[in-house]
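K.L.:
Each chain is listed here by its residues.
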Amino acid sequence: MTPSILRIGVLRGGLEIKQFFRQRESVVFTLFFPIMLLFIFGSVFTNTIAPGVTFSQYFVAGMIASGLVNTGFQQLAIMIPIERDFGTLKRLRGTPMSPISYFIGKAILVTVSTALQVAMLIVIGRLFFGLILPTTSERWLRFAILIILGSICSTILGIAFSSVPKSGRGASAVVSPIVIILQFVSGVFFVFSQLPSWMQHFAAIFPLKWLTQGMRSVFLPDSFAMKEPAHNWEINRTLLILAIWTVIGTFFAIRSFKWSEK
Amino acid sequence: MQAIAVSGLTKSYPDKNLGTRLAVDHLNLDVKSGEIFALLGPNGAGKTTTVEILEGYRTRDSGEVRVLGQDPGALPRGDRSWRSRIGIVLQSTMDAADLSVRESISHFSHYYPNPRSVDEVIAAVGLTEKAVAKVRTLSGGQRRRLDVALGIIGRPEILFLDEPTTGFDPEARRSFWELIRELKNSGTTILLTTHYLDEAEALADRVAVIANGKLIEVATPATLGGRHTAQVRITWNENNSERELFTDNPTSEVAKLSELFGGEIPGLTVTRPTLEDIYLTMIGHS
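These protein sequence lines are chains E and A, in that order. The first sequence maps to residues 524 to 785 in my numbering. The second sequence maps to residues 3 to 288 in my numbering.
Do not rely on the hints blindly, as some may be mistaken.
[Claimed, not checked] Per the computed footprint, the stretches of chain E lying under chain A, defined by three or more beta-carbons under 8 Å from a beta-carbon of chain A, are:
1) 538-549
2) 598-610
3) 619-628
Source of the hints: derived by calculation from the structure; they are not laboratory data. Ideal Cβ positions, reconstructed from N, Cα and C, are used throughout, including at glycine.
Excised from the complex, chain A in its bound form (with noise of 0.2 Å):
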């Protein structure tokens, strides 16, 4: 099933020397229920003005969209139904600074038809011990957290992450991966910004790759960009100076190596290309 269906969305902002430019240019994307969807794409790539318009948020110019089978821009008047089905985390927010954490999220609750437990939520952003603290004593990564929470407390059935972990330590990120896992697991569908490309290869079932408004390709990370057959790189040392190969048949090249040194081969290393060198070349900076 699809939850986010999107063709031929074009968008464009007025702009003092251009007159317009085109932020967003007839983009195509298909999200599946459940999946975890990253976009990936330089800053100024059209991103943000991709999710806001699917958030309901923006005008487009042209293009059809459907969220959750809903044209986001065409919301019936004073109809919530749609909003109660989906949760949204900005970027940045600093709102509610003389509020508990618990008194937020309860609040926030009231909201949905059918919302989560505010103690299980609490305890699954990890800020059971922080449930009494007033926001304005969180940490930025804290802070984030509870953003989550409050994205997720409605129940939704689709939730937009945009850039969730800028700013956060890599331990904070990792157990945040965690979280963004059990989402998943519990069903719900996650469309997600970044620009770690390591985040987006540890959550994204498919990753879509957007630069000056257009898609690029869309594909799991494994097979971005032809990743998976793209040739492997062998360095090795030989009479001090580092030797470099690529090859589609590394084991065999290896094997070659070790008969000609007699066995161990100095400083040996076979890499495949990681998903930020694949990324790079496909935005055109590598």
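The following block holds chain E by itself, in its conformation from the complex (with noise of 0.2 Å):
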């Protein structure tokens, strides 16, 4: 009898775990710089940015934001070049693995960095950061939702760009800098609301704003709401939006894979 699909996407998700965590560099990059990167913005702005609000709550919610486009697009959008250039989807190509056996695998691998990556920014942001949490149910089901539909939208686009790369080795050179680039602009770095408003403008066209945006009302007052540029949380729109990028990434994701580079 022929192993299921779902069966052998899941053994594929236990290998890429294992994979993950024997690469250190991969370890280092995806879960650790985040970290490195609190730790040096938690430490220069001690002030708040507004009654009851300290950078660090404000600076948690953005990088728990990006958390999702690092661990999703950018792992996938420079892994899967890596695994063209190096044989590894031709050869699997050549097996009777379903490729959706390989997305699950990636979608695992995405989901369990995922959830390390935002737990170890909530409990070092606890810790060292005097990061104050949801209290209450109607917020962490909203964080739930993000988190999900974030990593989902995250996923599909990585594995959408992924053939934009020409190369595994030149992936990171092409990814990379879009995900710093949105990360200044989308309100990660600096506070959304003091920076200039074409630059607003353009953020908003893509899901990392809206990810900000909605982790901020997760972890911020509603006060802080006020803001916001339409004055409140805008959550169905953000859904929206990235319920958008999500059928625009899979349209892509399925018209444009490539298994080899030929």
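Two chains, each in its own frame: build the complex with the hints.
P.N.:
Shown next, in the form of structure tokens:
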């Protein structure tokens, strides 16, 4: 009997995680880099940006949002071109493994690395930077929905973008600047309302701005919503924009995914 | 029984100067079940294109192709049964560097309905001592053996081997050939591409020579290009210079020479053309 697509997908997930932890670069780059940023920014900016809102509180919300982009979009858009260069994808294509199993494996990898990164940011934020956690179940629910939808969106966009870099070697140089620029303009490193309005409009095209705003609606008091561009959290619009990007990403992922260079 | 049947296979690629370049030109091939079949040809002859069409990696422009009775260019959507019956050893891969040999092979075994035993496959490719070593620590030859292990773990009926021993030392090549013969003995059909003529001669039941996308000849290594009926070359020394003659009757020619010299013939050699001589003549580089 041919083994099921789901079972092979789960086995691939296990294998992906094993390989992830055996590669020191990926553990440092994906998991510890955001923690290092939190220490740097959290230690430099000790001011409060609004009544009852420390910069650390603001920053952790933004870092969790950009964590979703790091572990999904950035990780996959760099890793898949490398696997294509190394012949991994071509070899897999020649076996009875279904492409769906491959993507299930990647989704499991993203889920585990996202969960780890979010947990680390919350724990470190709580221990060292006085992070205040949400107290209502409504906020925790919103948090869970944002994490799940954000991860799916980020994973799909990573797979879709993986056909853009021409080689595995150059993938990091193509993908990382995009992520860093988005982090700067989307209100991760700077308070979004203090950015020039053209930059705010530019950032509003992309999902990260909406994810950071969504995470602020989880971690910041409702009084802070007045400082957002629309003077409220715009939860529904956030979910709509993430959904649109997910649909666009799925379309390109299916159409343009390449198993080998030629 | 026919394992692979190809008729009129044609494939062209876009080309900057010519518009299109014909890589495979009305090729016909038949590989019987259980045989080792070698595809020979210079670089760019169309070997890899042909094999990749058979493996289902590439589309074709026209022609009929059947591999185990199935058209690789028209696999039913989501069908995995055909892929379970073939094994592919690609030219060069560098993946899975952080996994051990056993982890890699064991993982791939889960893809197939009726895989071979992981430890038996590791032993068959001679990697038992490296079973727990990380793939990144393997030598080139060991890496290639792992590629073969991943190709045969699913108990394929046909194994595609693309230039399997490039970069091997002579000893590694010998033991690799032994492995391929054992696979043949267990009933596996093997399609081998190589540019080592001695490898084709040692392994193949039949060889096909391809040049410029066209099939030149299919024959056993011993009869390719009329090798078995080609004239024998006899050389010897006479008056401090080398003499040679070509003949269909080497025994009587040697006997005549022996009579002439009254016994031993100085510097005598009697040679039939090697597979390489025949091959080079066929592809026009003699």
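K.L.:
Confirm or reject each hint.
P.N.:
Against the structure, the hints:
Here the stretch 538-549 of chain E counts 5 residues with a CB under 8 Å from a CB of chain A, which clears the bar of 3, and the coverage holds. Using a Cβ-Cβ cut-off of 8 Å, 3 residues of the stretch 598-610 of chain E lie near chain A, which meets the minimum of three, so the contact claim holds. Against chain A, the stretch 619-628 of chain E contributes 3 residues with a C-beta closer than 8 Å to a partner C-beta. That satisfies the three-residue criterion, and the hint holds.
Hint violations for this structure: none, all hints satisfied.
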